[in-house]
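Whenever a hint applies, use it, and build me the whole structure from the sequences.
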Amino acid sequence: MTPGLALQVGTLARRSVVRTLRQPAMVVPSLFFPLLLLAVNAGGLQEATKLPGFPADTYLDFVLAVCFVQGGLFAANSAGTNVASDVESGFLNRLSLTPLNRTALLVGQLAGVVALGTIQATTFLVVGLIAGAGIHAGLAGAFVIAALSLLISLGFGSIGAFVALRTGSGEAVQGIFPLMFAALFLSSMALPRDLIETDWFRTVATYNPVSYMLEGIRSLVIVGWDSEALAMGFACAGGIAVVALIGASSALRTQMVRT
Amino acid sequence: MSRGGVRDVALAVAWRGVHNYFTNPAIIIPGLLFPLFFFTAFAGGLSRVDSIPGFEFGSNYTAFVYGFVLLQASAFGGVFTGFSIARDFEAGFSRRLMLAAPRRAGIVVGYWLTGVARAVFTILVVTTVALVTGMSVGGGGIDLVGLYVLALLVNAAATLFGSGVAMRLRTMQAGPAMQIPVFLFLFLAPVWLPYELLTGWVHAAAGFNPATRFLETERGFISGDPTHVLLAFALGAGMVAAGVLWARGGLRSAERAA
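Residue numbers (our numbering), protein chains in the order written: chain A, 1314 to 1572; chain B, 291 to 548.
Hints are computed from structural coordinates only; laboratory data are not their basis. Ideal Cβ placement from N, Cα and C applies to all residues, glycine included. Misleading hints may appear alongside valid ones.
Unchecked claim - Not close to chain B: a few residues of chain A, all C-beta gaps over 10 angstroms, as computed:
#, residue
1, Val1420
2, Leu1442
3, Gln1487
4, Ala1503
5, Ile1509
Stated by the list, open to error - Straight-line C-alpha distance at most 20 angstroms; calculated SDA-like pairs for lysine to any residue:
#, chain 1, residue 1, chain 2, residue 2
6, A, Lys1363, B, Ser337
7, A, Lys1363, B, Glu346
8, A, Lys1363, A, Ala1544
9, A, Lys1363, A, Pro1491
10, A, Lys1363, A, Thr1480
11, A, Lys1363, B, Val410
12, A, Lys1363, A, Leu1508
13, A, Lys1363, B, Phe347
14, A, Lys1363, A, Asp1507
15, A, Lys1363, B, Ser341
16, A, Lys1363, B, Arg338
17, A, Lys1363, B, Gly344
18, A, Lys1363, B, Phe345
19, A, Lys1363, B, Ile342
20, A, Lys1363, B, Ala390
21, A, Lys1363, B, Leu541
22, A, Lys1363, B, Tyr485
23, A, Lys1363, B, Pro343
24, A, Lys1363, B, Thr489
25, A, Lys1363, B, Glu486
26, A, Lys1363, A, Gly1447
27, A, Lys1363, B, Asp340
28, A, Lys1363, B, Trp482
As the list claims (entries may be wrong) - Covered stretches of chain A, going by a simulated chain B footprint (3 or more residues, C-beta under 8 angstroms):
#, region
29, 1376 to 1387
30, 1446 to 1457
31, 1512 to 1523
32, 1526 to 1535
33, 1554 to 1568
Written out as structure tokens, the structure is:
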């Protein structure tokens, strides 16, 4: 990275991080709702561990992974809303008159998502441990969980940025939130795939990349080091991030030309 | 001022609210999607849990989850109506409405009617999906009347609660103040398993939560084995009465600010 590019990325990244963290309406729900669902699920579905073949001793261990993916969904909302606001307010218009590098703009815009993702991952890990969850993969596993969680946030955040840049509308970003929520719900979020009784649901969960992201994080919590689950988790999260970043970059190019 | 004044204002506000609801996808879709997501995810993804020892329910697991989704649709119908009121205040519409309305109580009644229309539509869609996907209903006609009257009581209480918050704060930023208490009300209850199978603090919290009684009564109506009926209706009526006082206070606050 050239010094000029680094300065551009740094400036925009600082703006993105400050703007994200200054909005309690973005930070608080992204922590509160995943933790509430964790607390309710852990007590409400503990008896599900009595099902034959259930892989964990406590439902808390099993369901902890959901927080990280749900946090990623909020990241999509946060990134998309901020980018859409830049389009709507004419900020991108003004930037297009400067010699700013497009990559710097995209990377800088997503820095807020990474900052939010870091806060989320740290909070969920600490709360999970305090509540009694055990991470079988140990301290190194906790770092890998945080890394996968950040990649998931980056992937979903890039989807949010793509939609915002493609449509230039905050409402459109809000519109994809339910769809992403559906992706979480139609996954192995509540039970392992082999214990899902309903055939069509099990099939959808098997083709749903969110299942593999959950299973990647979950494997570190309840099994230890499961290379296949981790590889699938990172591949799905990384794949989504790469595809969404390419889409966002292309949409940004179009958006800058329009201006 | 005549009772007709209240009725005219209420009908005008309700007509506008219902028209906005059915002509604006950004309003109608979230209210429909979330109950459907919950229904699909839990009826499909968690159906195995009905084989847990101690799980006793007269109908199938789809019907068990439907009881919760019905409560959710009723309560969130009210919360979303609160969002609409807050939006009206931000846009300046409510200020003009308060200047124009001869009887301002009609404004609250109108929003309540809007909440009822929204809840009825959502319940209709969710019920159709539940029946198509195999919900078994053991209850008879009287049970079903009881089921939906109870749902409308919860909807009225939630609408009055949302109205009170929206009229006090008069901004969309009030969204979490309406959403979070209702979220807690709904989820600190036997959502996926019967109350007896809950564990830990959720079990303790659910014991004090009126939503537990509503859920048990609704599920009893669905399976044809009604339980705690009087208690549930008394709680529902009490919540509506408290909601009326809360919304009236909100209206007074909005009047002072207008």
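Here is how each hint holds up against the structure:
Listed as outside the interface, A/Val1420 is consistent with that label: its C-beta sits roughly 31 angstroms from the nearest C-beta of chain B, beyond the 10 angstroms cut-off. Chain B leaves A/Leu1442 outside its interface by the beta-carbon criterion, the shortest separation being 17 angstroms against a cut-off of 10 angstroms. Not every CB of chain B lies more than 10 angstroms from the CB of A/Gln1487, the least distance being 8 angstroms, so the non-interface label is violated. Residue placement check: A/Ala1503 does not keep its beta carbon more than 10 angstroms from all beta carbons of chain B (closest about 5 angstroms).
A beta-carbon of chain B comes within 10 angstroms of the beta-carbon of A/Ile1509; the shortest separation is about 6 angstroms. With a C-alpha separation of about 14 angstroms, the suggested pair A/Lys1363 and B/Ser337 falls inside the 20 angstroms cut-off, and the hint holds. A threshold of 20 angstroms between alpha carbons decides the hint, and for A/Lys1363 with B/Glu346 the separation of about 15 angstroms falls inside it, so the pair holds. In summary, the hint linking A/Lys1363 to A/Ala1544 is not supported, as the alpha carbons are separated by about 29 angstroms, beyond the 20 angstroms threshold.
Between A/Lys1363 and A/Pro1491 the alpha-carbon distance is near 32 angstroms, which puts this suggested pair outside the 20 angstroms criterion. Between A/Lys1363 and A/Thr1480 the alpha-carbon distance is near 48 angstroms, which puts this suggested pair outside the 20 angstroms criterion. For a cut-off of 20 angstroms, the pair hint linking A/Lys1363 to B/Val410 is broken: about 38 angstroms separates their Cα positions. At most 20 angstroms may separate the alpha-carbon atoms for a hinted pair to count; A/Lys1363 and A/Leu1508 meet this at roughly 12 angstroms.
As the CA atoms of A/Lys1363 and B/Phe347 are separated by approximately 18 angstroms, the hinted pair is consistent with the 20 angstroms bound. Restraint check: the Cα-Cα separation between A/Lys1363 and A/Asp1507 comes to about 15 angstroms, which is no more than 20 angstroms; the hinted pair holds. With a CA separation close to 10 angstroms, the supplied pair A/Lys1363 and B/Ser341 stays within the 20 angstroms bound. About 11 angstroms separates the Cα atoms of A/Lys1363 and B/Arg338, which keeps this hinted pair within 20 angstroms; it holds.
Between A/Lys1363 and B/Gly344 the CA atoms are separated by roughly 11 angstroms; this keeps the pair inside 20 angstroms, and the hint holds. Simply put, A/Lys1363 and B/Phe345 have alpha-carbon atoms about 12 angstroms apart, close enough for the 20 angstroms limit, and the pair holds. Among the hinted pairs, A/Lys1363 with B/Ile342 is consistent with the structure: their alpha-carbon atoms are about 7 angstroms apart, no more than 20 angstroms. For the hint linking A/Lys1363 to B/Ala390, the alpha-carbon distance of about 62 angstroms lies beyond 20 angstroms, and the restraint is violated.
Between A/Lys1363 and B/Leu541 the CA atoms are separated by roughly 51 angstroms; this puts the pair beyond 20 angstroms, and the hint is violated. Our distance criterion of 20 angstroms between C-alpha atoms is met by A/Lys1363 and B/Tyr485, whose separation comes to about 17 angstroms. Taken as a hint, the A/Lys1363 and B/Pro343 pair is honoured in the structure, with Cα atoms around 8 angstroms apart against an allowance of 20 angstroms. The hinted pair formed by A/Lys1363 and B/Thr489 meets the criterion: a straight-line CA distance of about 13 angstroms does not exceed 20 angstroms.
Between the alpha carbons of A/Lys1363 and B/Glu486 the distance comes to roughly 15 angstroms, so the proposed pair stays at or under 20 angstroms and holds. About 19 angstroms separates the Cα atoms of A/Lys1363 and A/Gly1447, which keeps this hinted pair within 20 angstroms; it holds. Taken as a hint, the A/Lys1363 and B/Asp340 pair is honoured in the structure, with Cα atoms around 11 angstroms apart against an allowance of 20 angstroms. A hinted pair counts as satisfied when its Cα atoms are at most 20 angstroms apart, and A/Lys1363 with B/Trp482 qualifies at roughly 15 angstroms.
Counting residues of the region 1376 to 1387 of chain A whose beta-carbon sits less than 8 angstroms from any beta-carbon of chain B gives 0, not enough to reach three: the coverage restraint is violated. Restraint check on the region 1446 to 1457 of chain A versus chain B: 0 residues with Cβ-Cβ distances below 8 angstroms, three needed, restraint violated. Judged by the Cβ-Cβ criterion of 8 angstroms, the region 1512 to 1523 of chain A is covered by chain B as claimed, because 3 of its residues qualify and three suffice. A count of 0 residues in the region 1526 to 1535 of chain A with a Cβ less than 8 angstroms from any Cβ of chain B is obtained; the coverage claim is therefore unmet, three being the minimum.
Figure legend: the region 1554 to 1568 of chain A, annotated as covered by chain B; annotation inconsistent (0 residues with Cβ-Cβ distances under 8 angstroms, at least 3 required).
Violated hints, in rising order: 3, 4, 5, 8, 9, 10, 11, 20, 21, 29, 30, 32 and 33; the structure is consistent with all others.
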